[in-house]
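2 protein chains.
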Amino acid sequence: MNPPPKSALLSESQMALFADYYELTMAQADINDENNAVCTANYFVRSIPQGNYLIAAGLEQVVHYILNLRFTDADLKWLRDSQMAGDMSDDFANYLRGFKFGGDIYAVPEGTPVFANEPLINITGPTIDVQIFETYLLSVMNFQTLIATKTSRMIRAARGAVCYDFGARRAHGRDAGILAARASFIGGVAGTSLVIAGRYFDIPCVGTIAHKFIQDRPSELEAFRAYAKSFPNNTVLLIDTYDTIQGAKNACLVGKEMETRSYRLRGVRLDSGDLLRLSQEVRSILDSAGLTYVQIFASGDLDEFEIDRLIAQKAPIEGFGIGTRLATGANFNPLTGEGGVSALPGVYKHVERVDEHRVIPTMKFSDELGKSTLPGRKQVYRFHDAHGRYERDVIRLWDEPSQGGEALLTPIVRQGKLVYRFPSVKELQAKATVELSRLPVPHRKLTRGEAFPVTLSPRLEKLRSQLSREGRPVSKN
Amino acid sequence: MNPPPKSALLSESQMALFADYYELTMAQADINDENNAVCTANYFVRSIPQGNYLIAAGLEQVVHYILNLRFTDADLKWLRDSQMAGDMSDDFANYLRGFKFGGDIYAVPEGTPVFANEPLINITGPTIDVQIFETYLLSVMNFQTLIATKTSRMIRAARGAVCYDFGARRAHGRDAGILAARASFIGGVAGTSLVIAGRYFDIPCVGTIAHKFIQDRPSELEAFRAYAKSFPNNTVLLIDTYDTIQGAKNACLVGKEMETRSYRLRGVRLDSGDLLRLSQEVRSILDSAGLTYVQIFASGDLDEFEIDRLIAQKAPIEGFGIGTRLATGANFNPLTGEGGVSALPGVYKHVERVDEHRVIPTMKFSDELGKSTLPGRKQVYRFHDAHGRYERDVIRLWDEPSQGGEALLTPIVRQGKLVYRFPSVKELQAKATVELSRLPVPHRKLTRGEAFPVTLSPRLEKLRSQLSREGRPVSKN
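Heads up: the sequence lines are chains E and L, in that order. According to the working numbering, the residues represented by the first sequence are 1 to 477, in order. According to the working numbering, the residues represented by the second sequence are 1 to 477, in order.
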């Protein structure tokens with residue numbers, strides 16, 4: 001299969017204006033001030049909305065966007081005509097016309113379990129360059145990391161039963177459907193219903209039948225026969241259009257007819273009702289007909305908590321099709337009422353600037369817990385025990401000696417050049433699976449448990465206190 | 001301003017495979033069966049997640065997609081090579097190669113308040129044509145209707161204070177950011193931070209400063225001065241980077257300096273902390289400095305409930321920048337713990353087929369409340385009282401005489417030809433505002449109140465009972 005034509009998918013060439021307005025006004029003010037000194041910004045997630053870990057995802061799209069970001073003549077003409085950034089200066093127009101990212105990007109590879117406040121992306125470059133793609137970076141990282149994490153939780157809950165992404169119809173538009181398919185595959189689903197995601201990312205496509213196909217024929221039985229005739233090797237019959245139990249009996253009839261033609265009915269799908277009770281009854285109907293090999297798939301408002309409940313109660317379900325709560329990352333625990341906002345609190349913050357060759361670490365202050373930032377350019381080191389299990393992470397300043405541990409922030413782009421091979425989504429899924437198995441069990445629970453130990457190096461801790469003590473540069477002039 | 005180049009924005013020409021896998025397998029089975037009889041399908045929303053109404057949105061993108069849907073040679077080659085739909089038959093390949101929607105679309109215009117179970121889109125055509133774009137239709141209608149509705153609730157809560165869309169960075173990818181800007185403008189925001197949405201939909205762009213701009217300079221005061229120098233007519237200063245109260249005092253200094261140059265500081269923005277207390281303190285600091293004209297804007301984890309609380313307590317806030325909970329449509333009431341899934345339960349269901357010139361209404365049955373569907377092709381009639389206020393809606397079968405009321409489903413496409421002028425988003429915002437003012441107050445509450453009366457015509461009611469009584473066509477063969 002050919003590599004995906006990503007530029008067609010993402011249309012980066014027309015997306016330079018996917019930017020918040022203030023990125024442009026700040027850039028204009030920086031140009032006016034002749035301020036384009038080198039600075040560093042970090043992407044990190046302030047808190048984990050559910051459970052105790054995140055699976056990093058989205059880097060490939062972000063880096064592809066940054067490296068291909070160009071302002072077209074049409075963009076520039078529109079910016080001038082609309083006076084979007086005040087009267088755009090010639091210097092600013094020339095800056096945008098010649099824009100080509102020339103800085104450095106270090107990042108934690110996709111598929112890696114990560115924790116709150118760890119820098120996941122570290123970008124260094126001229127101050128305008130580093131800022132102008134912030135909105136895109138945040139949107140894509142926040143969304144894909146949310147979905148990869150959510151899916152990883154569902155996979156854990158399913159304890160070996162397969163899960164599929166059925167979410168495109170409830171995803172927030174086209175990109176959300178496509179990126180949710182990608183991120184959920186990294187998180188562990190076996191396939192997606194969304195064909196274009198299958199095409200672009202080489203993910204297996206899956207699907208059954210819609211109610212329409214059945215309503216569109218004189219009877220359910222005729223519809224089942226029609227489908228089985230067309231797809232004798234891959235028929236999964238949707239049995240809840242009229243009455244699930246009668247639907248199961250019709251599926252048995254068709255299954256037995258397929259046997260006489262030396263085919264096997266693959267499965268039936270439940271899409272509504274009490275999935276525990278119905279799966280048990282349908283299993284018994286199938287078994288009585290000698291169709292013990294026919295699998296039961298279930299869909300309909302599923303999430304990790306519902307899957308966990310069904311599996312714990314030994315529902316005879318071999319596969320789950322997960323829609324709304326996978327593709328939106330619904331951060332909501334129906335058991336406790338916790339959560340409720342389907343977004344990750346990921347931010348991209350300035351941590352350091354260079355002023356006449358002097359490196360000046362900076363931080364945002366806040367009285368709100370978790371809203372101040374860690375100053376300075378940083379590296380994250382992960383320590384493992386003798387069995388390869390994660391023991392703890394330490395965040396150190398960039399120029400500190402490593403003192404062991406695996407450095408998570410990896411070189412991706414150096415002086416504007418890609419120096420990293422992006423793994424395929426299959427490789428990323430394998431990586432996420434292996435890495436997650438190294439996270440000690442207490443940190444893998446569905447509910448909020450013990451936080452994984454992440455500490456700051458003494459020097460970073462000292463820098464933070466020092467900046468706090470020295471006061472805030474509110475009026476240092 | 002030129003009309004937006006929507007094809008560039010949406011890239012429909014490459015999006016034919018934005019389809020769930022089963023749309024293709026069912027189409028292949030229909031081709032094998034030589035079943036391409038005329039049928040009708042309806043888009044409707046099963047229940048309203050928050051409050052008592054929905055604002056319809058998304059139609060323009062859906063119709064544009066349907067009318068431009070083409071399968072490229074590359075799409076067809078990939079489908080064949082990957083054996084996605086089994087061995088694709090020549091007939092099916094030819095069908096897809098020649099695909100051009102030739103059916104009829106009726107829809108409720110965007111910006112109209114609508115209610116649960118009312119058909120919002122009615123599509124009639126050959127059965128495969130009607131099905132193949134289902135995934136796109138659902139994704140875009142569900143999302144934009146969710147966001148237009150959510151925003152309309154925020155606008156009501158703000159009681160005249162202006163609201164802006166600041167959500168792109170937490171939106172679920174690129175389309176979500178762009179479509180949220182569009183839908184939230186229909187719902188009533190005064191502008192968006194997302195520049196590309198401003199460009200494509202002619203929405204005013206707004207923005208202030210990021211913390212980065214302030215951290216990137218020796219002091220907050222210097223940063224404020226730099227920004228005010230570049231944008232003397234439109235400066236809104238972000239004052240919470242280090243300390244909000246000191247930030248307000250610095251803003252006063254800069255505001256007084258601007259006065260000496262005959263300019264006026266437009267506003268300050270609070271982005272964290274106790275917004276009620278801080279807005280009061282900052283107002284008092286500004287007023288003491290004689291800067292009574294400087295406005296206070298607030299942002300940070302806002303939704304309609306928080307805005308309602310702030311306005312009810314008379315917080316001196318003139319404008320709200322709303323991010324995460326606008327762009328994700330967070331269906332969650334933090335006061336009651338209700339909700340939690342950021343998606344609309346909108347579905348697209350088969351309601352009628354034509355079998356040898358006989359019109360056969362169909363329905364999906366379900367024992368679950370609200371999961372069975374209304375059979376037959378239908379029209380929605382809205383009745384107003386003498387003052388123009390909405391009184392009630394009646395859903396009738398398509399061929400019933402109207403008996404008064406305004407028919408909501410409007411001709412959009414006839415035999416594949418667009419017969420409708422899509423209003424601009426400004427017209428849609430005006431329409432939504434006027435229409436919503438006609439909905440009686442009890443149905444406009446933020447919390448779940450009395451449902452607006454929507455009844456079925458006696459003939460539709462009779463058809464539904466009759467189909468239920470006659471039993472389900474599970475094995476009519």
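These aren't lab readings, by the way, just hints derived from the structure by calculation. Where hints are given, some of them may not hold.
Chain L stretches covered by chain E per the calculated footprint, using a threshold of three residues with CB under 8 Å from any CB of chain E [stated by the list, open to error]:
(1) 130-141
(2) 202-210
(3) 281-290
Capping the alpha-carbon separation at 20 Å, the derived lysine to any residue pairs in SDA-like fashion look like this [said to hold, decoys possible]:
(4) E:K229 / L:A93
(5) L:K426 / E:S89
(6) L:K229 / E:P218
(7) L:K77 / E:P204
(8) L:K371 / E:P204
(9) L:K77 / E:D33
(10) E:K229 / E:P218
(11) L:K249 / E:K229
(12) E:K371 / L:K100
(13) E:K229 / L:L276
(14) L:K229 / E:D87
(15) E:K229 / L:D33
(16) L:K371 / E:D243
(17) E:K371 / L:Q246
(18) E:K371 / L:A93
(19) L:K371 / E:G273
(20) L:K229 / E:N32
(21) E:K229 / L:D91
(22) L:K229 / E:R277
(23) E:K229 / L:I245
(24) L:K371 / E:S82
(25) L:K229 / L:D202
(26) L:K371 / E:S366
(27) E:K371 / L:G300
(28) L:K229 / E:D33
(29) E:K229 / L:D243
(30) E:K77 / L:D202
(31) E:K77 / L:G405
(32) E:K371 / L:D202
(33) E:K371 / L:P204
(34) L:K229 / E:P204
(35) L:K229 / E:D202
(36) L:K229 / E:S366
Residues of chain E clear of chain L, computed beta-carbon distances all greater than 10 Å [said to hold, decoys possible]:
(37) M26
(38) N35
(39) S82
(40) I196
What you are looking at is a predicted structure, and each value in this text was computed from that prediction instead of being measured. The C-beta atom is built at its ideal place from N, Cα and C for all residues, glycine as well.
Here is what the structure says about each hint:
1. 130-141: holds (count 7)
2. 202-210: Coverage by chain E holds for the stretch 202-210 of chain L (6 residues, Cβ < 8 Å).
3. 281-290: Three-residue rule not met by the stretch 281-290 of chain L, so violated; n is 0.
4. E:K229 / L:A93: Holds: K229 of chain E and A93 of chain L sit about 19 Å apart, inside 20 Å.
5. L:K426 / E:S89: violated (30 Å)
6. L:K229 / E:P218: violated (74 Å)
7. L:K77 / E:P204: Holds. K77 of chain L to P204 of chain E sits at ~17 Å (cutoff 20 Å).
8. L:K371 / E:P204: Violated, because 30 Å separates the two Cα atoms, which is more than 20 Å.
9. L:K77 / E:D33: violated (54 Å)
10. E:K229 / E:P218: Distance ~16 Å between K229 of chain E and P218 of chain E Cα, so the pair holds.
11. L:K249 / E:K229: Not OK: K249 of chain L and K229 of chain E at ~77 Å, beyond 20 Å, violated.
12. E:K371 / L:K100: Violated, at roughly 53 Å.
13. E:K229 / L:L276: violated (66 Å)
14. L:K229 / E:D87: holds (13 Å)
15. E:K229 / L:D33: Distance of about 9 Å is within 20 Å: holds.
16. L:K371 / E:D243: holds (13 Å)
17. E:K371 / L:Q246: holds (18 Å)
18. E:K371 / L:A93: violated (56 Å)
19. L:K371 / E:G273: holds (10 Å)
20. L:K229 / E:N32: Measuring from Cα to Cα gives roughly 9 Å; hence the hint holds.
21. E:K229 / L:D91: holds (16 Å)
22. L:K229 / E:R277: violated (69 Å)
23. E:K229 / L:I245: violated (74 Å)
24. L:K371 / E:S82: violated (49 Å)
25. L:K229 / L:D202: violated (28 Å)
26. L:K371 / E:S366: violated (48 Å)
27. E:K371 / L:G300: holds (11 Å)
28. L:K229 / E:D33: Given pair K229 of chain L, D33 of chain E holds - Cα atoms ~9 Å apart, limit 20 Å.
29. E:K229 / L:D243: violated (71 Å)
30. E:K77 / L:D202: Roughly 15 Å separates the two Cα atoms, so the pair holds.
31. E:K77 / L:G405: Since the Cα atoms of K77 of chain E and G405 of chain L sit roughly 48 Å apart, the hinted pair is violated (cutoff 20 Å).
32. E:K371 / L:D202: With Cα atoms ~35 Å apart, K371 of chain E and D202 of chain L exceed 20 Å; violated.
33. E:K371 / L:P204: The given pair, whose Cα atoms are some 30 Å apart, is violated under the 20 Å limit.
34. L:K229 / E:P204: violated (56 Å)
35. L:K229 / E:D202: violated (52 Å)
36. L:K229 / E:S366: Status violated; Cα separation ~27 Å.
37. M26: With a cut-off of 10 Å, M26 of chain E comes too close to chain L, as the shortest Cβ separation is near 5 Å.
38. N35: violated (7 Å)
39. S82: violated (7 Å)
40. I196: I196 of chain E not clear of chain L: closest Cβ-Cβ about 4 Å, inside 10 Å.
When each numbered hint is compared with the structure, violations occur for hints 3, 5, 6, 8, 9, 11, 12, 13, 18, 22, 23, 24, 25, 26, 29, 31, 32, 33, 34, 35, 36, 37, 38, 39, 40.
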